[in-house]
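**Q** Chains A and B supply the protein sequences, listed in that same order.
For the first sequence, our numbering gives the first residue as 1, with consecutive numbering after it.
For the second sequence, our numbering gives the first residue as 1, with consecutive numbering after it.
In short, the hints are calculated from the structure, not lab data.
Some hints here could point you the wrong way.
As the list makes no split between identical chains, a pair holds if one copy fits it or if it spans any two.
Dumping the calculated DSS-like pairs for lysine-lysine here, alpha-carbon to alpha-carbon at most 30 Å [what the hints assert, rightly or not]:
id : residue 1 : residue 2
1  : Lys293    : Lys45
2  : Lys33     : Lys161
3  : Lys305    : Lys161
4  : Lys170    : Lys33
5  : Lys33     : Lys305
6  : Lys41     : Lys161
7  : Lys45     : Lys33
8  : Lys45     : Lys305
9  : Lys289    : Lys305
10 : Lys293    : Lys33
11 : Lys161    : Lys289
12 : Lys289    : Lys33
Number of protein chains: 2
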Amino acid sequence: MTDFDLFAPVSRELAIVEADLRNNINTPLPTMKDAATHLVKAGGKRLRPAFALLSARLFSESVDHVIPMAVALELIHMASLVHDDVIDDSSMRRGRSTVKHAWGNRTSIYAGNYVFARSLSLVASYERNDLMQVLADASMQICEGEIRQMMSCYNVNQGLKDYLRRIERKTALLISVSCQLGAMISQAEPYQIQALRRYGYYLGMSFQITDDILDFVADEEILGKPVGSDVRQGVITLPVLYALRYHPQRDELARLLSDSETALSEADQIIDWVIESGGIEYAYEASCKYARKSQGQLRYLPEVKVRDNLHDIATFITVRNY
Amino acid sequence: MTDFDLFAPVSRELAIVEADLRNNINTPLPTMKDAATHLVKAGGKRLRPAFALLSARLFSESVDHVIPMAVALELIHMASLVHDDVIDDSSMRRGRSTVKHAWGNRTSIYAGNYVFARSLSLVASYERNDLMQVLADASMQICEGEIRQMMSCYNVNQGLKDYLRRIERKTALLISVSCQLGAMISQAEPYQIQALRRYGYYLGMSFQITDDILDFVADEEILGKPVGSDVRQGVITLPVLYALRYHPQRDELARLLSDSETALSEADQIIDWVIESGGIEYAYEASCKYARKSQGQLRYLPEVKVRDNLHDIATFITVRNY
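All chains, please: the whole structure from these sequences, using the hints.
**A** Written out as structure tokens, the structure is:
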């Protein structure tokens, strides 16, 4: 989504964000710098900076003042990614050079902390305590979500509510906060800030559901990871929840999914059943519903060109087929 | 140092901090709560809260307003401890239940992040941007220090400067910031804030050098970990640096220390040589020097009873023999 026309109104600012991301991890420590540079180079869609910038763009032509915030938001996202990547036992079993792995683990943790602290410093530079409070609250909820995600693996008895709360913490919250903070530093009225916060929230939900669908249907090469990796890791997503309720073989499906060995060895069977069940279509409907809800919030916002972009981004998110 | 008379002027507030620490990790998530409660119960000297409170006490009788800050400082310290404890490969090799270990690893990381975010929220409640900036800067430097410590293991070519910078980041910085922040929220003059920042810095340096000495000479039971654990892990401390320069067997010592296997298997020999070299006495002198420097800063502070306590704490730190 980077080379994505809908971000065009802030493409100049996004280029500056990209350069600033590299500058902001400029530490005299080679290890730290290597780890952090690797993270920045790994790229990503820079969605959070884009949403902060686009949200601000609704209220003023110039959004240069949003750039440090946009960088901070991406750094927070990167910090959570690097911590997620910390090697767990299972990947170590496959590994050879254990010393290297151990260093990798610790470096990942400290690099994540460093990048997060760097983002705090950027946010503090606005000298606005309300911004920090929003971020601190979101950070706590995101951490809770990560623990929830961890605990919910292989649990076939979880409900829709568990899933929704998890993707809220995992994805929707930081996108929501990105829109909200972009507005908070741009003379938006309180009701407009709230509308953007909700826009980002619903859009984030739609985005994550689409992502969870793609784990079943996307091309492996484009996805950047094997199809079905959620299933293999025991992550129960919306299509799976649907299949667990409606597929004729649901009991057997539950058995395979609740054990880490069978989830791995029988992944192909599980994926087939999920697709057969109509879980993909169900999840697609849910994603569209959230996208429409996000678009519904736009009526509270100024009628400027960028509002149409925000509208179209929500549509695009549900149909993207990479 | 908790049941320590020199903290008496703020003992009531420290008791409230202790209770608040438990309340502040009150999350609906059992795993997170268990991990965090375990951390709080593990205790610790609550040095950072004590220094924030004592520093504030120089300027006013009531220091209740410092309690949230004191809690935040201890939470930041706890967050760094839980991340330090993340199991590395070597401890995993010994372990049996690898799944449990993997969960432990991830939970540690997320619990650390959660506790850190909680502390941010407490600091943000002061609505003082300058406080947040001080903490963000300190956090970045502490992370850099953790990476440096990791990279410096088994490196016998490091100099005194490397060691001092490392203990500055590891210990002195957060104690320094605790004193500084206690003063910043308590009507201290800028020159007094600076004096307390420096007092905390020098005291923290003295404290860590003493800690590094204790790894050679303390009673294992009181230390809570095996004597010589730094040597075994390749952590080069001040007594070792001295021995590497002055012991007749310094070349052989360097050889043993620069390899993780011999550092472990020949730890007793290494410890003997370090003690023989006079490295302990040298480090003790250095610790005393820093303690005196910290006491020197007290002349800029109000002549109230608690100033004597701060003076005596610095003396105590160099002579404590548990």
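**Q** Now look at each hint and say whether the structure bears it out.
**A** How the hints compare with the structure:
1. Lys293 <-> Lys45: Within one copy only: 23 Å inside a chain, 51 Å across chains, cut-off 30 Å.
2. Lys33 <-> Lys161: Between copies, since 21 Å is at most 30 Å while 40 Å is not.
3. Lys305 <-> Lys161: Intra 36 Å, inter 58 Å, cutoff 30 Å: neither.
4. Lys170 <-> Lys33: both (26 Å within a copy, 19 Å between copies)
5. Lys33 <-> Lys305: Cα proximity of Lys33 and Lys305: none, with 40 Å in one copy and 47 Å across.
6. Lys41 <-> Lys161: neither (36 Å within a copy, 33 Å between copies)
7. Lys45 <-> Lys33: Close inside one copy (21 Å), not across copies (34 Å); limit 30 Å.
8. Lys45 <-> Lys305: within (22 Å within a copy, 58 Å between copies)
9. Lys289 <-> Lys305: within (24 Å within a copy, 66 Å between copies)
10. Lys293 <-> Lys33: Neither, since 41 Å and 35 Å both go past 30 Å.
11. Lys161 <-> Lys289: within (16 Å within a copy, 60 Å between copies)
12. Lys289 <-> Lys33: neither (42 Å within a copy, 35 Å between copies)
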